[in-house]
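Engineer: Kindly produce the complete structure, drawing on both the sequences and the hints.
Chains as they are written, first to last, in our numbering: chain W, 13 to 1029; chain C, 53 to 260; chain X, 18 to 129.
A hint or two may mislead.
[What the hints assert, rightly or not] Here are a few chain X residues that face chain W, going by a calculated C-beta distance under 8 Å:
#: 1; residue: Asp98
#: 2; residue: Met113
#: 3; residue: Leu121
#: 4; residue: Arg127
#: 5; residue: Met129
I should point out that these hints are in silico values taken from the structure, not numbers from a laboratory.
Positions of the beta carbon are idealized from the N, C-alpha and C atoms, including for glycine.
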Amino acid sequence: MLTWQATAATLAQSNNTIIMVSMRRNRPQPHALARCTGALLLTLQSICASASDGFINPAGPVAAALRDHFVFIVLVMMVVIVPLFIALPWALWRYRIGNKSGNTSGNYQPEWEFSWSLELLVWGLPVVIVTILGWKLWEQSYQLDPYRPLPATAAPLEVQVISLDWKWVFIYPDQGIASADELMMVTGRPVRFRLTSGTVMQSFMIPRLGGQIYTMAGMITQLNLLASEPGEFRGLNTQYNGMGFANQKFLARAVSQADFDAWAANVRQSKPPLDQAAWAQLMTVFGTAGPAVLRQHCRRLFCRLRVELQRQSSPPRSGRNEIVSAEPNFALLGKLTAQDISFVQTWENPVMSEFIAASAGGVMVIGAVVVIALLTYYRGWRALWCDWLTSVDHKKVGIMYIVVAFVMLSRAIIEAVLMRYHQSIAVNDPGVLSPDHFGQLFSTHGSIMIFFVAMPFVSGIMNYIMPQQIGARDVSFPLLNAISLWLTAAGAALVMISLVVGQFSTGGWTAYPPYTGIEFSPGEGVDYWIWSISLSSVGSTLTGVNFATTIYKNRAPGMTLFRMPLFCWTTLCTSILMIFAMAPLTIATLMLALDRYAGFHFFTNDLGGNMMNYANLFWLFGHPEVYILILPAFGVFSEVISTYSGKVIYGYKSLVFATMSIAVLSFTVWLHHFFTMGQGANVNAIFGIATMLIGVPTGVKVYDWLLTMVRGRIRLTTAMLFSVSFMVTFVIGGLTGVILANPPVDFAVHNSLFLVAHFHNMVIPGVLFGMIAGYQFWFPKAFGFRLAEYWGKWSFWCWSIGFYLTFMPLYALGLMGAMRRTVEWFRPEYTGWLQVSFIGAMLLLAGFTFLAVQLVVSMRQRDQRRVPAGDPWDGRSLEWSNSAPPPEYNFAVVPTVFAQDVFTRMKQQQQAYASPDHYEDILVPTNSMVAPVIGIAAIVFGFALVWHIWWLVGVSFAGMWGAVIARSFVTETERVIPASEVMAEHEAWLQRVRASAETPRELEDTRSNVGRAQVLA
Amino acid sequence: MKQPLSHPGLNLGSTDEYSHDEAEPVIFGFWVFLMADLVLFALLFATYASMSVQGQAGGPTPADVFDLPSAFIETMLLLASSITFGMASLALKYRADGPHLVFWLALTFLLGAGFIGMELRDFQTMIAQGATPQRSGFLSAFFLLVATHGIHVTAGLVWMLVLLLQLRVQGRTTAVKLRLMRLALFWHMLDIVWVCIFTFVYLFGVAL
Amino acid sequence: MNGDAMSKPHVDSYAQDLRSYCIGGVLALLLTALAFALVAFGILPLFERLVALAVLAVLAVVQIVVHFRYFLHISWRSHRDDLQLVLFTSLILFLMVGGTIWILFNLHERMM
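Structural biologist: Quick look at the structure:
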């Protein structure tokens, strides 16, 4: 309780009356707002009671201001969030399909699509909130600029900080002394830190005193802190920097001026000098230095460091410590040796961590062998090659994308569970994974989830659905589409190969240099990352080009832009983002590769390299990437919610406008990923406000979806459950997003588990739930039978509850000062939270397993689940107007579009399933082996680059371009399906549809649903 | 509702209406791709802008290593090749047969090859002076930016060779015509990038 | 879609198309020569440095517009999609390049 009294004392200084009221617990609390605050603080307090180590338990004015700001934002945001949490369950209950009293004729208004007053409220409320928060953000950014001297009576104490490999050196220039891993401060006297790094980028932080700031070689950043009470505070590095990261901590002691002077005098007299030899040892010996105190040998050490240390080479700190040779290697297999095979490594070094790695590699090899064996046994090679791998049909390409996504998801989710398990037992214990293995796990998990799960899943669904929704027969460039798929698959294959041959990067999915530079990561891991990401980024750029062209040029007659379903709008915006946002990633990885392979100096510590530009380039891609992933999911939710509410989408134009604003705004916010790098308050504030602005259109969307449900007839199917769960969960993620958009608050929680929880909170509901909902929704269209709702709902509950159990504890841990990418903890109070999080991760794994069960069960029952008529959910857009599965050419006759939600209109006007006047020959693209050839050559190309097998690099590069050039000489690229064949097939289907019974919505999940929907008058 | 079609580059229009209709999505798609490529160059420029000032690392400055007369000759070669490609486009559109098209393409190829030759010679001179890309961040950024443009031009040259071959083998089919139209866009776009290079790299570097 | 352009059917005339390339070529040559001459003959150092750079930048932008207009045939009468795309690209490039330069120079200043 001592710390809480201290907190109260600090709070009294902070003049925040709201908080003061709630802190005086013995007095009556008359205001509702104060009661609210009290409840919130009690929650915070319960976190603090177990751990008083984060900024929410401040010991200085900076941290106190951060905490107050944090609480203020949460309270203001409640104005938007609470109404939603009340209205959403109300709408679901009131407008559920079984509600007899609610479904009287007046209540079900399927055409209710807009209300000016509601729309003004929906736009106005977020605008007001963002204005208030933005004004506050601006003010706080200047006041809490880490460079700004703190207002205090005493002159500041100057401390120079040098981050080294897993240790901190503090130099006190005025006292002429230095200390390692121990910082002495004077209570009540501000400290002015000037910081730099002797190795890779790190981030300096004392959570209870305030925010963090990056330390970078060759750069000097600044930070001002003040301890207003005596005590010992934990200080740490928050930026992952190799195997010793978890142990890199220091103790900050705040003592009286007299004690400080005595300490300094003692050091000067009795401690050994920090001479050249001592310094060299500090620089090169890894690990912690212990609180030894050293005298400074040179007052200008800190300044000289910028020049000197830049040239000092340091041995590798990740992967195996191998010697890198500067000579180019022209051996037949390049750098590759038997020792690089993971099984050999395990044989030579049989420890748990290696055993786990070998098992993963083993599972992959066995899986591949089993697939090959099964294909051979069932003589499936020919079908696989002819029907799938060489196909350029957008529907098959789409399905193959989703298969890639599911395969990669299974690996990444197992990695996640393994990491959560490890962390849950690694409290004052080394756990099961070696630091290096752990580093590879979080790097592959992140890279795979973004580039090889989310991206292919999104691309796959867009591929399958978008052309059908706009009434097209295929995308504009079908072969290019297949090439994009194969490039993405090649990237995924490289990541999988790294399980068996060599190791993966430990630099995280962002791969920040200089850590990922050749000097600090000489192994092949980063190269695996670079080439797998580069291949997939090229594929995504081409996908964007292809889809944008398709939407602009291939729409059916009458399909104006403003008649397109929302999913097409989001696909268009995503394509535009892909076109413009993938280039920065390509450039960043290319520059990193040139640094590593050719000795360039883009991001190195020495000779003018500047890693800050990497951060800049990476996030120029990275932020739009978030919307590349989330926008298609928004599109899916729009379709799902509208369809399962049996109602036109509410505020169509508003949603379109919101989507477009999000797309443009997403190019203006990238800096919020590195608020802590040291740029000025104005830069931070402007990017912070731009970030908050995105909250406005996003909030509008959520409310428009809610209003889409209102006055509908809601069926809570699996897809709908995922959508509803998304709305609730995503709003919480939005709240923490607005919190993180504030530069000062970001200083406190950047790199912490709070951040990890935030982006999982956006990406799991916002992308994965969306994709799963889309998968449930459109599966019957693609395969001709419905998925089993029973197992779908099991899966849903596991995903939903699992999500909360996994990530809510991470928010708490983040506030308690727990940092991401930490392999071992030293605070026992984390244990409970981490264990809950692990249980949640197990539930998520169960959710994934139930999806697999659902698929298997549904396949076995497919004969009872068939929906040949093609419209099992009373769909509204064109993709439901053809058979399930659709013919190769999608539409026997390209439909003419006369309205939004055109298929619903056709059904209402009895025009659906009418025989067309006449049929025409249809041209479809022929299969081509160019795409698989390019894909396989790309895998070889990447592999050869990783292992420096130069002859193979040349051969595979020539192979890729040779295939392209050879293809350009092929003139027969399309084949004709004669009109008679089209007519026979289509008329037979129409006969069948006309003969089938119309299913009312109540019987959707029964055998009677064969895909013909009952039309309400 | 037929739109008055006018895509980027020289339109075939009434001279070959079938190809003109076919061109619509193809040219648009390529145009979109060029925009993505422009982003790539723009970021290389942005990187160069900061590194040429902040990343000299005590090494040579832009004014030390840039050879302005050589850059001027390169500029003229590339500009001339843009005009000759324009003539090739006109030949493609208006002269259904005859050697004009091949002549102008070949001339464009020679000018482009001359540009690449000059550029390589420049690089060689710089490297001989010790101004290698490994010397400093500024030089890394310079070489990447200019060489990326050079690699694009080289790719354009290879593409031109392939198309000359296709003209010989397949004649002026719609597919070949559309490829020539796309190559024209590519070529003119590279000239635009070069305008930025000679201004923001060479002239700025010497003028500063 | 665009009634204005509909009423003026496009006439394919060799002379007109040739003229477009010739005008473009001459303008581009002039602008290039002017820019190089300003630097090579030392006219620029007479200006204030920033003014000099601005003059060079303006010349480049004008030349880019010339190339777009006369070589790539993008104009206000182009297909709306294409022009929109160029303008949108310009916006994004402005955000990316401007933002990058702003951020990096701000950081550079604060790292001293």
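Engineer: Okay, which hints does this one fail, numbers in order?
Structural biologist: As far as the earlier hints go, not one is violated by this structure.
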